[in-house]
Amino acid sequence: MTEDKRIKEYVNVTVKFKKDGSMIPVSIEWENGKVYTVDRILDVRNAASLKAGGCGMRYLCKIMGTQTYIFFEEDKWFVERKAQCVEDF
Amino acid sequence: MESIILHADLNSFYASVECLYNPAIRNLPVAVCGSVENRHGIVLAKNQPAKMVGIKTGEAIWQAKLKAANLLVVPPHYDRYLRFGNLARKIYGTYSQRVEPFGMDEAWIDISFPGRSISDGYEIANQIRERIKFELGITVSIGVSFNKIFAKLGSDMKKPDAVTVISRENYKEKVWPLDVGELLYVGRATKRKLRNWNINTIGDLAQADALFIRNKLGKCGTILKDYALGNDYSQVENTEHETIIKSIGNSTTPPKDLCSLEDIRITSFVLSESVARRLREHGLKGKTVQIYMRDCDLEGFERQGQLKDYTNISTEIAHKAISLVEANWFFNKPIRSFGVRVSDLTSSKGPIQISIFKEENKRFKVMDLEYSIDTIRKRYGPYAIQRAALMQTRQFGDLSDNTEALMREVSFNTGEAR
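Which chain is which? The protein sequence lines are W and X, in order. Going left to right, the first sequence walks through residues 602 to 690 as our numbering numbers them. Going left to right, the second sequence walks through residues 1150 to 1567 as our numbering numbers them.
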């Protein structure tokens, strides 16, 4: 239970708008200023984030070889951040 | 073609949304409560663990805390509930065009289709249930039946996150043993009467003598008996897309109980001004004024009366409301919440029949005055101009269009206005 605790973390996201109006996240800016490029988007669907608490359009992305969810809720982007990261800073 | 109607009910809606947004509290007893300071400190919704210890909606916070000392009290976030209500309706809308919302968290969905059977209805209901859980993170219970009444009963039978089918084959076993009070529109008063005639279950009502029921309860009795028999043929109205306003109302639970006619008078003016302003905003006027009163034991009643002319003048609405109170309230108990509503609406732009016996000019002047007041308030704020009677009574609550006031009026109107 404890190792999978997540926190809702709003992030800056660079988004590419397609001609049909759909959005593709291109990169995510973490709070220390580091920018992570989204390598691939594997899945897009409406979903709730039970771990972080929220719901919206869920993008399953491949970033540096790992799969991560990015959520677009109403007008903001958030990620499910691992809780133990809090102690790292 | 047999109708297949679903009734979807989002389980402990407010509490579920709060728990979704705060994963840490999910397994603790949680109650969403109004603010104690404004005397709205009652349980609006509770989650499953709180339900287990017997906490009930409508209880005061201190009563609920006696049952669970570790009860978490969270304030409501109406904007979130509105959003989730709309998201859920959007999902229902992908299955049928006929979706009739009943409050924020309930809706009927008509999925009748040639060749579709009630077991297909069960499949679809399960799909909807799964989607709500996955996409919104909250749960829904769904009743599947051949009419709206039984569908609603079905959604109450198994909770949370479940589907119940009430078909022509099994309704006698499933519905008839239920308490007659479970039936839609059987309220406290009707239930008491029925009990007196030894009609305790829905089955008793269904098998009661039709003539007897009609004599005792009138036309409504016949309708209720039909409901119990499953003979409800009312349509699922698509109220989602056509936003025809049927009534406009406001209600308030003031910080202090209303004990005198003077209190009622002041509150009526506050409410009527807000109602009249909203009528004007929508370009409407109405003829029927309804009042709603609930006393300190939370027992309520509604009364209505007609005006001579269609109006959107706050003074006329307020005076009618006050006279209705005078005729129907006997000062036996203090009033906890009070509402004023105007229905029987028509456009304010159409031609009007003026009377030679009345000073119509005066009315037009008053109408112009109210429009001017609207403009002043829009430019300089809600308190820039006020009735002298209301000068010392800010405690009756700010009824400007904040979301909370809007919510209350939606529930008061069962979602008709706005």
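It is worth saying that the hints were derived from the structure and are not from the lab. Treat the hints with care, since some could be wrong.
[Said to hold, decoys possible] The following label-pair restraints were derived from C-beta to C-beta distances:
id	chain 1	residue 1	chain 2	residue 2	range
1	W	Ser623	X	Asn1477	55 to 61 Å
2	X	Gly1432	W	Thr638	49 to 55 Å
3	W	Asp605	X	Asn1187	55 to 61 Å
4	W	Lys619	X	Ala1538	55 to 61 Å
5	W	Ser623	X	Cys1369	49 to 55 Å
[Claimed, not checked] With a Cα cut of at most 35 Å, we get these calculated DSBU-like pairs of lysine-lysine:
id	chain 1	residue 1	chain 2	residue 2
6	X	Lys1365	X	Lys1342
7	W	Lys683	X	Lys1514
8	W	Lys619	W	Lys635
9	X	Lys1200	W	Lys652
10	X	Lys1282	W	Lys606
11	X	Lys1507	W	Lys609
12	X	Lys1436	X	Lys1514
13	W	Lys635	W	Lys609
14	W	Lys609	X	Lys1239
15	W	Lys609	X	Lys1365
16	X	Lys1214	W	Lys609
17	W	Lys620	X	Lys1200
18	X	Lys1239	X	Lys1205
19	W	Lys652	W	Lys683
Each residue gets a CB set at the ideal place from its N, CA and C atoms; glycine is no exception.
Right, here's what the structure says about each hint:
1. A hinted range of 55 to 61 Å for the beta carbons of Ser623/W and Asn1477/X is consistent with their spacing of about 58 Å.
2. Between Gly1432/X and Thr638/W the Cβ separation comes to about 53 Å, which falls inside the hinted range of 49 to 55 Å.
3. For the hinted restraint 55 to 61 Å between Asp605/W and Asn1187/X, the CB-CB distance of approximately 40 Å leaves it violated.
4. For Lys619/W paired with Ala1538/X, a C-beta distance near 60 Å keeps the hint of 55 to 61 Å intact.
5. Taken as a hint, the range 49 to 55 Å holds for the pair Ser623/W and Cys1369/X, whose Cβ atoms sit roughly 53 Å apart.
6. Note on Lys1365/X and Lys1342/X: the hinted pairing holds, with a Cα-Cα distance of about 9 Å set against a maximum of 35 Å.
7. Note on Lys683/W and Lys1514/X: the hinted pairing is violated, with a Cα-Cα distance of about 66 Å set against a maximum of 35 Å.
8. Annotation: proposed proximity of Lys619/W to Lys635/W holds, straight-line Cα distance about 25 Å (limit 35 Å).
9. Proposed proximity of Lys1200/X and Lys652/W is supported: the alpha carbons are some 23 Å apart, at most 35 Å.
10. Only pairs whose Cα atoms come within 35 Å are accepted, and Lys1282/X paired with Lys606/W is accepted, the gap being roughly 20 Å.
11. At roughly 65 Å between alpha-carbon atoms, Lys1507/X and Lys609/W are farther apart than 35 Å, so this suggested pair is violated.
12. A distance of roughly 19 Å separates the Cα atoms of Lys1436/X and Lys1514/X; the hinted pair therefore holds under the 35 Å criterion.
13. For the hint linking Lys635/W to Lys609/W, the alpha-carbon distance of about 18 Å falls within 35 Å, and the restraint holds.
14. About 25 Å separates the Cα atoms of Lys609/W and Lys1239/X, which keeps this hinted pair within 35 Å; it holds.
15. In summary, the hint linking Lys609/W to Lys1365/X is not supported, as the alpha carbons are separated by about 59 Å, beyond the 35 Å threshold.
16. The suggested pairing of Lys1214/X with Lys609/W holds, with an alpha-carbon distance near 30 Å, which does not exceed 35 Å.
17. A distance of roughly 49 Å separates the Cα atoms of Lys620/W and Lys1200/X; the hinted pair therefore is violated under the 35 Å criterion.
18. Taken as a hint, the Lys1239/X and Lys1205/X pair is honoured in the structure, with Cα atoms around 30 Å apart against an allowance of 35 Å.
19. Of the supplied pair hints, the one linking Lys652/W and Lys683/W holds, its CA atoms being roughly 10 Å apart against a limit of 35 Å.
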